[in-house]
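Peer 1: Sequence:
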Amino acid sequence: MSQALPPLLNPWQALKTRAQFAGAVPLSAFSRLRSELVDLEGQLDYGLRFQRDEEKRGLILGWVSGQLRLTCQRCLQPLDYGVRCSVALALVSGIEEAKRLPEAYDPLLVEDAPIRSILLLEDELLLALPQIPRHPEGTCHPPVSTDLPKERHPFAALADWKP
6 MSQALPPLLN
16 PWQALKTRAQ
26 FAGAVPLSAF
36 SRLRSELVDL
46 EGQLDYGLRF
56 QRDEEKRGLI
66 LGWVSGQLRL
76 TCQRCLQPLD
86 YGVRCSVALA
96 LVSGIEEAKR
106 LPEAYDPLLV
116 EDAPIRSILL
126 LEDELLLALP
136 QIPRHPEGTC
146 HPPVSTDLPK
156 ERHPFAALAD
166 WKP
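Here the sequence shown is numbered in the working numbering, starting from 6 and rising by one per residue.
Bear in mind the hints are in silico, worked out from the structure with no lab data behind them. For every residue, glycine included, the Cβ atom is placed at its ideal position computed from N, Cα and C. It is possible that some hints are incorrect.
Only pairs whose alpha carbons sit at most 27 Å apart, straight line, appear in this in silico BS3-like list of lysine-lysine [what the hints assert, rightly or not]: (1) Lys104 x Lys61; (2) Lys61 x Lys21; (3) Lys104 x Lys21.
Restraint ranges, calculated between C-beta atoms of paired labels, are given here [said to hold, decoys possible]: (4) Pro83 x Asp50: 15 to 23 Å; (5) Ser36 x Asp165: 51 to 59 Å; (6) Val43 x Arg105: 35 to 43 Å; (7) Arg121 x Gly143: 39 to 47 Å; (8) Ala103 x Cys145: 37 to 45 Å.
Modelling step: build the complete structure from the supplied sequences, incorporating the hints.
Peer 2: Printed below as a string of structure tokens:
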């Protein structure tokens with residue numbers, strides 16, 4: 006049975022109980038993601054489960070999905086971007102343990118203190134964002150500025166310097 010993700014979470018305890026979390030988080034809850042968004046309307050859905058693999062590694066597996074409104078870097082207009090990213094984290098207590106992980110898992114360095122659970126989702130979302138958000142090719146164009154002077158030679162101002 007799934008429950009809502011608590012604000013603070015002890016990953017080791019969640020692993021012991023094989024906790025499962027599912028629900029929705031408003032976009033306004035993601036403090037680091039805010040600067041990438043045009044507006045904070047809407048929410049993202051998520052599902053997370055804590056379990057062990059065949060090697061007895063502690064894992065957090067799940068997904069985050071929803072609709073983000075970014076700024077197209079070509080036309081500078083809003084761009085609706087559907088995101089669905091998977092979460093595959095292995096709980097590790099040190100760097101050496103992280104180095105031995107299979108490529109399928111990303112390490113999550115966990116100490117004894119609880120972690121802010123929203124950060125698990127936000128990290129995955131930030132990694133899933135496009136480096137340069139753009140509408141599909143041919144659907145938008147760069148803005149045309151009317152403030153620029155008409156075809157002026159770049160060195161025309163130097164003509165005044167001639168003796």
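Peer 1: All the hints need checking, so say for each whether the structure fits it.
Peer 2: Each hint, compared with the structure:
{"no.": "1", "hint": "Lys104 x Lys61", "result": "16 Å, holds"}
{"no.": "2", "hint": "Lys61 x Lys21", "result": "12 Å, holds"}
{"no.": "3", "hint": "Lys104 x Lys21", "result": "24 Å, holds"}
{"no.": "4", "hint": "Pro83 x Asp50: 15 to 23 Å", "result": "21 Å, holds"}
{"no.": "5", "hint": "Ser36 x Asp165: 51 to 59 Å", "result": "52 Å, holds"}
{"no.": "6", "hint": "Val43 x Arg105: 35 to 43 Å", "result": "42 Å, holds"}
{"no.": "7", "hint": "Arg121 x Gly143: 39 to 47 Å", "result": "42 Å, holds"}
{"no.": "8", "hint": "Ala103 x Cys145: 37 to 45 Å", "result": "42 Å, holds"}
The structure fails none of the hints (numbered hints given earlier).
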